[in-house]
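Following the hints, complete the assembly by docking chain Y onto the known chain B.
As you go down the protein sequences, you meet chains B and Y in turn. Residue numbers for the first sequence follow the numbering used here, so the first one is 6 and each next one is one higher. Residue numbers for the second sequence follow the numbering used here, so the first one is 6 and each next one is one higher.
It cannot be assumed that every hint is accurate.
Given that identical chains are not distinguished, each listed pair holds provided it fits within a single copy or across any two copies.
As a list, the in silico DSSO-like pairs of lysine-lysine whose alpha-carbon atoms are at most 30 Å apart [as the list claims (entries may be wrong)]:
(1) K231 <-> K166
(2) K249 <-> K166
(3) K262 <-> K231
(4) K231 <-> K259
(5) K112 <-> K259
(6) K55 <-> K119
(7) K79 <-> K259
Please keep in mind that the hints were generated in silico from the structure rather than gathered at the bench. Source: prediction; values computed, not measured.
Protein chains: 2
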Amino acid sequence: MANQVKSIGVIGLGSMGMGAAKSCVTAGLDVYGIDLNNKALQELSEFGAKAVSNNALDFSDQLDAVLVLVVNSKQVNMVLFDTGLAASLKPGTVVMVSATISAEDAKNIEQKLKEHQLIMLDAPVSGGAAKAATGDMTIMASGSTLAFEKLQPVLDATAAKVYNIGEQIGLGATVKIIHQLLAGVHIAVGAEAMALAARANIPLDLMYDVVTNAAGNSWMFENRMKHVVDGDYSPKSMVDIFVKDLNLVADTAKELKFPLPLSSTALNMFLSASNAGFGQEDDSAVIKIFDGIELPGVEK
Amino acid sequence: MANQVKSIGVIGLGSMGMGAAKSCVTAGLDVYGIDLNNKALQELSEFGAKAVSNNALDFSDQLDAVLVLVVNSKQVNMVLFDTGLAASLKPGTVVMVSATISAEDAKNIEQKLKEHQLIMLDAPVSGGAAKAATGDMTIMASGSTLAFEKLQPVLDATAAKVYNIGEQIGLGATVKIIHQLLAGVHIAVGAEAMALAARANIPLDLMYDVVTNAAGNSWMFENRMKHVVDGDYSPKSMVDIFVKDLNLVADTAKELKFPLPLSSTALNMFLSASNAGFGQEDDSAVIKIFDGIELPGVEK
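So here's chain B without its partners, still in its complex pose (with noise of 0.2 Å):
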């Protein structure tokens, strides 16, 4: 166990990172804070980081690991890579890669990180913030063995399911891009059924009780579709993610020459929603596309 990192630098502290970096602080280890958000860096310092900064190479000396939490491909590259960080951190520092990026990128990422005889783990992660925040989120992770012996102490502390997919880099990656075609086809296909349900003069809070007690139901209907009922679509996750998401959906499609006839759907009905000026709001905004209804809380 002497192999177990001691130290992590979380980079990325929105809803998944803060929830992350603080389990790690409450689970004993050294954890330092990365972000441009300064009142992030502060959230964190005061719960008990032993260092934050907007620049990681301020404790890069330090660092037994780092776990990168950023939205895309791109921010994971500038900040490993554009920032200099790589080639500062001691060979043999793992870097945890929970960003959902798709295979090939996964691959990429790693190939860079090997000329710095770094070792990555491809670990997306699912749960949401409440998950994030209580230590209990589900990483789906693929790596060689010595990258999961060395993150142990970090996986303990952040999740209470982790899945080893095997040693490639790049299956951990698309495990949770498939999860997310199903996240995406879930809330599109919620968002549906509600509109027609309005246009059918079904009261949607009668048609959300139904659905939910019943086997049509999935966790994105009952989570989502309570915002629709509500008429609430201040951001939890937004369109623009799943326009991310399912575009990912389709490059692996691409990449395998596979036909995808619900989710290249649902891709189009995300981008739809993004296009009519709804990419910033919650995700269930996708039901906005739908005209010729009324729905609670929406002015036409």
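Coordinates of chain Y only, in the frame set by chain B:
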């Protein structure tokens, strides 16, 4: 409470009808079983039915209520009208129609029942054979207060949850159809996701485990994709049932001039599966429309 029914004829002793009929026996109602299948009649008779027959006319004068649990509107019309049953029931008898049918069909059936002074409850059910067996179905019903009052002992005996959607016949049918929209798309997208996982060399049991522990889960994914993981396509509910139900969804949308991008796509997927010869297999066999993948227990 003098109004409440004491006897009921249950027409259609498939998995749902048998469960409902037995629940009525257990609740102390006088139950009359009607089916073409003599084995089912014998089973219900041994369980304590008052009488059973292939022909409801044998005891139509004994019935305070009729519960129709057949497959489609054609069968509903046959058992109620072509047989002469409606004409032979006592005026004021309540007919609970629990098949999945269109709102338009429900209204037509109500009209014809009215000609014989019969009262209709538009009362589709959900929950599957297991919940029917324990008297825990979900019933989404519309109809007059009188119909609800008279049928109270039957609703209590068979359902864990009864939704009163309104007075107008057709609302119950519509809510059920919108529920089936979700159920059908959830099965089809479950198949799409698992097919992509197979193509990407993700072990399907692991993919199933990840999804069922994360936000991408649905009731149908958890129930039906287990059949794919096990390679067991023996029919619990068949592909052709969703061809029928998603066609009812399409009819409803056509009537309301409403676009349904995802469920129209899912209908085509089930149609492709039926056309390829899988119509009588479990509905999870919709995954067999994807080529170029290996599935557990499926020879190519």
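Going down the list of hints, with the structure as the test:
1. K231 <-> K166: Intra 27 Å, inter 20 Å, cutoff 30 Å: intra and inter.
2. K249 <-> K166: The answer is within: 25 Å in one copy meets 30 Å, while 39 Å across copies does not.
3. K262 <-> K231: between (36 Å within a copy, 26 Å between copies)
4. K231 <-> K259: Only across copies: K231 and K259 sit 27 Å apart there, 34 Å inside one copy, limit 30 Å.
5. K112 <-> K259: So K112 and K259 pass the 30 Å test inside one copy only (17 Å; across, 47 Å).
6. K55 <-> K119: Within. Shortest intra-copy distance 28 Å satisfies the 30 Å Cα cut-off; inter-copy 78 Å does not.
7. K79 <-> K259: This pair counts as within: shortest intra-copy Cα distance 20 Å, inter-copy 44 Å.
This entry satisfies every hint, going by the numbered hints stated previously.
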